[in-house]
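S.K.: Full structure from sequences and hints, please.
There are 2 protein chains.
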Amino acid sequence: MPLPRQVFIAVIGAGGVGKCFLSQLHHLASNLSRSPAGPTYLSLILLSTSGKSIHHADYKSLNNWESELASSTTPPLPLPQLADYLVKAPGKVVLVDNTSNQDVADSYPMFLKKGLSIVTPNKKAFSGSYQLWNDIFAAAANGQGSGGYIYHESSVGAGLPVISTLKELVETGDEVRKIEGVFSGTMSFLFNSFQPVNGGGGKFSAEVKTAKDKGFTEPDPRDDLNGLDVARKLTILARLAGLKVESPTSFPVQSLIPKELESCSSGDEFLQRLPEFDGQMDELKSAAEKEGKVVRFVGSVDVPKGEVKVGLEKFDKSHPIAALKGSDNIIAFYTKRYGDNPLIIQGAGAGGEVTAMGVTGDLVKVLKLLQ
Amino acid sequence: MPLPRQVFIAVIGAGGVGKCFLSQLHHLASNLSRSPAGPTYLSLILLSTSGKSIHHADYKSLNNWESELASSTTPPLPLPQLADYLVKAPGKVVLVDNTSNQDVADSYPMFLKKGLSIVTPNKKAFSGSYQLWNDIFAAAANGQGSGGYIYHESSVGAGLPVISTLKELVETGDEVRKIEGVFSGTMSFLFNSFQPVNGGGGKFSAEVKTAKDKGFTEPDPRDDLNGLDVARKLTILARLAGLKVESPTSFPVQSLIPKELESCSSGDEFLQRLPEFDGQMDELKSAAEKEGKVVRFVGSVDVPKGEVKVGLEKFDKSHPIAALKGSDNIIAFYTKRYGDNPLIIQGAGAGGEVTAMGVTGDLVKVLKLLQ
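If you read the sequences in order, they're chains A and B.
Residue 48 in UniProt numbering sits at position 48 of the first sequence; the count goes up by one each step and never skips.
Residue 196 in UniProt numbering sits at position 196 of the second sequence; the count goes up by one each step and never skips.
One or more hints might be untrue.
[Claimed, not checked] Cβ pair distances, simulated, as ranges: (1) 196/B - 34/A: 48 to 54 Å; (2) 103/A - 64/B: 54 to 60 Å; (3) 223/B - 31/A: 35 to 41 Å; (4) 57/A - 318/B: 57 to 63 Å; (5) 144/B - 72/A: 38 to 44 Å; (6) 19/B - 138/A: 35 to 41 Å; (7) 336/A - 318/B: 40 to 46 Å.
[To be verified] Here chain A is said to cover these stretches of chain B; the calculated rule only asks that three of the stretch's residues, wherever they fall, bring their Cβ under 8 Å from a Cβ of chain A: (8) 21 to 34; (9) 136 to 145; (10) 278 to 287; (11) 319 to 330; (12) 338 to 349.
[Unchecked claim] Some residues of chain B that are not near chain A, with every Cβ distance over 10 Å (derived): (13) 39; (14) 67; (15) 92; (16) 106; (17) 130; (18) 159; (19) 210; (20) 223; (21) 226; (22) 265; (23) 271; (24) 290; (25) 305; (26) 361.
Because the hints were derived from the structure by calculation, they are not lab data.
Just so it is clear, CB atoms sit at the ideal spot from N, CA and C, and this is done for glycine as well.
M.R.: Structural data, given as structure tokens:
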């Protein structure tokens, strides 16, 4: 394979996903350096966290990033300076944004125009304003521009092949009619536990607490329960399907935070008061049960109608959405070619390793294109 | 996107898949010629069927291939001559093999070495001898060679993203432990009808007849029931997962053709005598039923053990394989990263439009690489 001989990698973010990515990068770099089709060398030339940054003026590879980062006292470079540093690298550069930072996302058009490629799970770049979406793809080489490439598989469903599949359906001329699924590992776990298909399940507030204790929620569970994370993912899918969705708040999103608890000053106060509302959730549960159904928190895009929505819906117990397990995601594409039985993708949609895998997979795609 | 300005397309095969592909190619060519990133022109310069062939010495585009083919009396070019014609085209060439022809498959290494790229659903190229597999990827630019690119998504599960997903799991360093699923639309339909999860179902021979009448089987249903089609798909997946599988007959494959009927001289005689064996199938069904399970025809690859097998197995009624509908395929990847809950891909795994979609999707990938 005529891969480039050397490609420079810059990584922003070394949290849960970032650390897994760095480990996968190490594995990939080792494989590519021994490729029978001729070696490719990946050099990590910058690593930046929220508080620190490491890089060398001579673009020397950060082979011992862990110890270098630990001993570094350099604050992160401002984004324009970071771009200047990368643009002057003696070769092609891929910027890996493993943050969920809006400022970094807002700089994508600038990075891309300068010829830097980007791979990222950062939802904010693709689910914020429609203007930012347009600016990104106007600049990108895999959009309408002549700049760097950009890929973001892990912005929906982590490493599951959701975005690549939707893009292929569209590019090959299929007619996407509806996209429906469970797009949040947290919501999946909560409702699979709250109302399992075979009966049982605990109080809703207790399941939220269990999910938090297992590390399945954000530090403040309200950040999952408000539905915004799912709304961001639906915004991305709807835009890829051709809808001009202005923002993740421009369509109906059901929040599971009771109105009365919106003013809670902390996540702890919220969790403490949540049991007051278990009665309401139990009513929803028994109403569904009476119809032989279960309640699930889903998102859907109706393409011909131009409708996007996020919230609770009832599903027959035999429906694949009802039968989901653990904290899995499920995404069903209803299209003209696939007819009544949708194309379904299912599996873990959150977690460091699988999210990083989507990023690493995107990096492999970009490396193939950067010939 | 810096796509090439003009790419030449040669198509072999204009049957069910071939016709759908030509229609999708028309749509794609029209879109690419109007791309905001700068137009790309796709020119169909050769179309060949089992009996006829059309092409012009000056590489003029076959804009009216239907009428030209209808009026053509030219027999197909011998493959070496076909290669000569394509190699002299004034630009990059992608050969689309929509046949299931072994001779065409055997010529892939020769085509690739000459710099021609190939996209195809032809299973025979990837599931025949291990030598052919090696020769193909030794020559291909996305293997170890410097020739053309080759992609074959539709050789397993039609347009479902099965091969691309498995490749990404491997390339990003995941550890694939087991691949399991229903890989034949015909077998899926037969067993979903023979033993639905909710009870009922007809005699096996009657379901075979129904499937044939609905066009869900090969003209001679024995070509589905012998398990070879599934064995070919498992061979491809096992090889991609790193196993050196010598051929699709080098591992256990259960044939559903009763020994006594192997000597039937025709498919009709076979169908006529098949009811004699309904008793055996009913026994399997009730044995499964007693365990609360259903019988399904599946294939699996156990990567650490190096074992591949194809045949009947029993599944809990709540298992995703048991709950499959219609003639859908389902493929589950059990990996280190995905843990106990596999990454699952499900949907139509046969049919002209969805098979052609995988081919068109591969063509889009090659076009991006042929910069």
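S.K.: Go through the numbered hints given earlier and state which of them the structure violates, listing their numbers in rising order.
M.R.: Those not satisfied are hints 7, 10, 18, 26.
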